[in-house]
Structures are given as structure tokens and as C-alpha cells.
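Please build the complete structure, drawing on both the sequences and the hints.
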Amino acid sequence: MRVYHDFIWSTLVHFSTNLWHDFDNKVCDCSKLYHTPASHTLRFDRAMWDEYVMKLKESGCNAIVIDLGDSMVYDSHPELAVEGAFTKDEMRRELDRLSSLGFEVIPKLNFSTTHDVWLGEYARMVSTPTYYKVCFDLIDEVIELFRPRFFHIGFDEEDYANQSKYDYVVIRQNDLWWHDLRLLADRVERGGARALVWSDYARHRPEEFVEKLPKSVIPVNWYYFIEYGENIREEMRIRVAPFDILEEHGFDQIPGGSVEYHKNNLELLAEYCKEHISKERLFGFIQTTWCAVDEQNRRKLWDGADAVAEAIKAFEGHKS
9 MRVYHDFIWS TLVHFSTNLW HDFDNKVCDC SKLYHTPASH TLRFDRAMWD
59 EYVMKLKESG CNAIVIDLGD SMVYDSHPEL AVEGAFTKDE MRRELDRLSS
109 LGFEVIPKLN FSTTHDVWLG EYARMVSTPT YYKVCFDLID EVIELFRPRF
159 FHIGFDEEDY ANQSKYDYVV IRQNDLWWHD LRLLADRVER GGARALVWSD
209 YARHRPEEFV EKLPKSVIPV NWYYFIEYGE NIREEMRIRV APFDILEEHG
259 FDQIPGGSVE YHKNNLELLA EYCKEHISKE RLFGFIQTTW CAVDEQNRRK
309 LWDGADAVAE AIKAFEGHKS
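If you read the sequence shown in the working numbering, its first letter stands for residue 9, the second for the next number, and so on.
For the record, the hints were derived by calculation from the structure and aren't laboratory data. A quick note: this is a predicted structure, and the numbers were derived from the prediction, not measured. Ideal placement from N, C-alpha and C gives every residue a C-beta, glycine not left out. Treat the hints with caution; some may be incorrect.
[As the list claims (entries may be wrong)] PhoX-like mimics (lysine-lysine), calculated; alpha carbons at most 25 Å apart, straight line:
hint	residue 1	residue 2
1	220	173
2	282	65
3	321	271
4	40	271
5	63	308
[Said to hold, decoys possible] Across the chosen pairs, the derived CB separations fall in these ranges:
hint	residue 1	residue 2	range
6	283	190	28 to 36 Å
7	83	173	28 to 36 Å
8	324	178	18 to 26 Å
9	239	145	44 to 52 Å
10	234	100	37 to 45 Å
11	311	54	20 to 28 Å
This is how it looks when you write it as C-alpha cells:
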């Protein structure tokens, strides 16, 4: 029995951490997870995860977005799994456990070419018949297992600036990028779920974004800073603007926040979105920490959960 909530307070959790630099990339400085080369071994402490789940529940978080990637042995493509990956039965039991604790679980497979190291050799076959078949296989299998209401397909940061230190660079753009996004979103919808996509694309091409993104897809505009208002820096203005642009054009939204730079980011984001997005189109929030689930990241993970609790208080405090 899966759980679904009318309004979600979710946290993105990295079961897979292979979304950035390739294996053995020597250019990385390794100061952050997203600056660290991919690993052939799962970077996920299961005992720590059990403890973290209870912390999330205590914070009021009622949904978990699982960045699945290569952290599970797929029936369709077992070759993708890293050492120590969850078996299919283990993942099924984990989903049942999370449901029993009241969590809605949202799977995430990031198909952005900037974040697809987890796809192994298929990351170098982008937009080919083989690539599409593999993506379809994975989406279908994950939907069958998770039975989700939402399915995050990523599609963020696909540009040269974000791949400049990669060993292998591939970028879709123009109509091809839109073709692949819509193709994979449609596959998600055929399985009965709604696709979520990161919406940083809307920062610099908002008119194109609202024209070409299907209304069935839910944009997740992520904003990790604390500046709002008419006099903020232009860099911040273009990051905040999509919330209002998407609302103006009638898109459902699930905004994304983080403790990456400011512990009170999600609280302020919730307050802003409460005032600027209609309650009919605001489906909830996604908190992010961008770190592996392990002991060295305990403080940041716990800070992220505490920030959800504070955001809930701020958001509900505005209710009339």
C-alpha cells in the first residue's frame, strides 16, 4: 500500500551519488559531493539511513525523493548497478517500510547529460534508439516497483559551463533537448505518474520554457538563496522570477530549496511561494542537502531536516 499526500514536504535523498564527474576524473577537487568522481561502490550507509528516516519523520517531512540512479539492481539492466546496490527485493521492502511510516516516495532518475554517469555506457549513446529503449525500460520498471504519483526526471544544467571539467562532454540543445524531455515525460505519464523536471532552463529562456513544457509536467524551480524583493541582484532576480512566470502561465509547481548555503532558505522560500503561487497549483516543496547518506554528513543531513520543520511552521503560520 503506497502513501500519497495532498501537500508534500519532501527531502531529496541520494541513494546513488553518481550524477556528476566520471569515474577516476582527476580534475575534481572533491570538496563537495558534486565535485567528486563517481564511485564503483555504493556510497550509502544503511544504518545511518535508518536513523535519518526517523529524523525526517520527526521534522514533519512526509515525502522522500529517492535519487535512484545506479543504486538498485534493475531486472532490465543489471549491468548499471554499482557494488553494494540494493536488490530489487530489498528496495521493495524499503518502499513498504517507508510507506508504513507515512512517507510518500518519489523516484528520481536524472536524464540530464550533465548528471547521467549512473547510466554507464548508455550515457555515451544519448538520443539513439538504444538510449531511448534503456530509458524506457528503466522508467517502466521503476514505476512498476514504486507505483508513484510523481517521477522526477531531472533535466537540469545541461550546458557546457556545468560540464567544462568533465572528461566526456555531451549536450543536447534546441529541439533535441525538448524532444527528449517530452519523450521521457510522456513515458512517465503512460505509467500513470506525472513527471517532475528541474526548471533552471526557465531562468534565461522563460518564454520558450512556458511555451514548450507540457502542462502535465511539474516544474521544480530551485532557489537556494535568501534574497527577495525588487532591489535584489540580477543574478538572484532571474532565479526567483520563474516562480511568478510559471504561476502566471498556470503551471503546477513543487519548488526546491536547500541548506547548501543558508539554513533558513526553505523557510523563506515557503513564505515567498505561499504569497506568490496559488494554493491550487502549489503541491509542496523539495528540500535538498546534496550530500551522501553517511556519518561525515550527519550535521548537514540533520540541518536539512530541521529546516523542513522550520519551513512548515512558517508556512502554516500564514494560514488565516
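To see whether the hints hold, each was checked on the structure:
1. 220 to 173: violated, 30 Å
2. 282 to 65: holds, 23 Å
3. 321 to 271: Holds - the C-alpha atoms of residue 271 and residue 321 are around 15 Å apart, at most 25 Å.
4. 40 to 271: Cα-Cα ~17 Å, so holds.
5. 63 to 308: Holds - the C-alpha atoms of residue 308 and residue 63 are around 12 Å apart, at most 25 Å.
6. 283 to 190: 28 to 36 Å: holds, 31 Å
7. 83 to 173: 28 to 36 Å: holds, 35 Å
8. 324 to 178: 18 to 26 Å: The hint (18 to 26 Å, Cβ to Cβ) is violated, given that residue 324 and residue 178 are roughly 44 Å apart.
9. 239 to 145: 44 to 52 Å: holds, 50 Å
10. 234 to 100: 37 to 45 Å: holds, 40 Å
11. 311 to 54: 20 to 28 Å: holds, 21 Å
Against the hints set out earlier in the document, violations occur for numbers 1 and 8.
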